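Enquirer: Below are the chains, spelled out letter by letter.
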Amino acid sequence: MTRDADAVAAAWGRLVGLAVDACQSHHAAHAVTDSGKKAFGKKERGGTDPDPQQMSFTVSPHQRCRPTSTGQRGVVVLNYEQAGQLQFDYSPVYLLPAGEPRTNAAQTATPSPMQLTAPGYVEVSIEPQLPRGLYVGELHDATGKGDPLLIYIDDLI
Amino acid sequence: MKIDAAMAVLYQALLPGEVDPAAFGNPPDFATSPQAALADIAAQVDVDTRQGRYLANLAYVLGLRIDGENIDAVTPELNALGAKILAPFPGVDGPALEPNLATGLRRVLGSPMITQDVVDDLDTAFGGSLESSLNASDQWEFHGPAAETATMLIELAALDIHCQCEDGLVTVDGAQVPVLKCVFEVCTNAPYDLCMRGVDPRNWPTYSPLFFQSVEVLSGSPSPGNWEGVIQESVGALLTGTPLITNLLVSYHEQAKMAVTAYDIAPDSSILKADDGTIDVDYGYFSVTDEGLHRRVSVVKIVHIRGKEDVPTNWMCPLVLQQQAMIGWWL
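Residue numbers (the working numbering), protein chains in the order written: chain H, 1 to 157; chain U, 1 to 331.
These are computed hints drawn from the structure, not numbers from a lab. These figures come from a predicted structure and were not determined experimentally. Among the hints, erroneous ones may be present.
Claimed, not checked - Partner residues are not named here, just some residues of chain U that face chain H (Cβ under 8 Å, in silico): (1) T75; (2) N79; (3) A83; (4) A87; (5) H143; (6) I154; (7) I161; (8) Y285; (9) T289; (10) L293; (11) H294.
The C-beta atom is built at its ideal place from N, Cα and C for all residues, glycine as well.
This is chain H alone, in the form it adopts within the complex (with noise of 0.2 Å):
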């Protein structure tokens, strides 16, 4: 069960792509309080998670994601609420096949810096030879606060 490199390499694909809303990523997840009344019958596995009573969760009116973006191979699409110049950091980390880093993703992604006049949607160009597979980078706002990014590259014709 061996699959052809070269073909999947040259095979047109797809990316998807995923950008953190930064305007929400500095806010408190979620808060505890000991509010709890009533212990629950059993003791969560591992005995580490809070206790469920005494958990509070902040819940938004809107129960749907944002979606992420897909496109073309060669552009990713982020999606991006707030304006400002965006650092895209696009670290070396390559995850599939395991155990390859690819040192030369980090000039795939152009431009870098960028600058975002309206939040909404950004292109950024892709290497389009690099073969399938997870890259992991930051975007960085102006003040130099790090955001996760995922680029997922597939191979499906």
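Since the structure of chain H is provided, determine the placement of chain U on it from the hints.
Expert: Here is chain U on its own, set in the frame of chain H:
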């Protein structure tokens, strides 16, 4: 009937033609009705554990969908399961208040918006065990013993049970093979620490027991942080009666606010245990990203099962991708 099989019966009722275990031969008994499935789940599920609460809540919401779409009348079974969900909370009369729970969640099924009406219904259902308020950012804040259950129920009711799926071709051994590509994303309110634990392949059977039977590390030296290796997974016994055994090359990666596993079919190796060869395309990734107010869980899967090209494979969406996407509620 076991809980996992009962859950598949509920999905089968909701997605006729998509969940088709009989096509794989030697299936478990799927002739059982949704009513019996709900009753079995209500009888067996242990709501003292988070995983039990997740299963009860999932079954309850699926039952509401079945009932609401007039697929089948399951009202008495829903009443019983809802009462069981409410029972652990102090001062809550489960049978009396279950209709409020159903009313609130039916609103979410109709529109994935958490309105004041929804919150009022849940407040009533959970009595003094749920305290809710709207904060300055127009987000709902849930506190109290029922906060977790209420949040979980809302997410399950808001879930779009259909994935984004498309057909395509990939090249295997020089030949083009038809594949199904499915993408599923959830923005969950579950804490990041709970969500990210399930991303490591070693934890898949624990966090997604409806699908994963076992995961064995065949090569590689898993460490607490990033690691790479070959695993042998045994999956899908629920649907096939016989598990599918596949060797996967996996890479687990953590960085600030993100955990992700990417995987692909492992090359054949004479020094590793062989798989059964049934699945010849299986690649994608599974990630959890902390976006602040919520955690985004993404599941992307491209798959081909040999000899089953004409069999519906969209069952993978509810039974695999969606269960993985709700990872934060499992344990």
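Enquirer: Does each hint fit the structure? Answer for all of them.
Expert: Evaluated hints:
no., hint, verdict
1, T75, "violated, 25 Å"
2, N79, "violated, 22 Å"
3, A83, "violated, 17 Å"
4, A87, "violated, 11 Å"
5, H143, "holds, 5 Å"
6, I154, "holds, 6 Å"
7, I161, "violated, 13 Å"
8, Y285, "holds, 5 Å"
9, T289, "holds, 5 Å"
10, L293, "holds, 5 Å"
11, H294, "holds, 6 Å"
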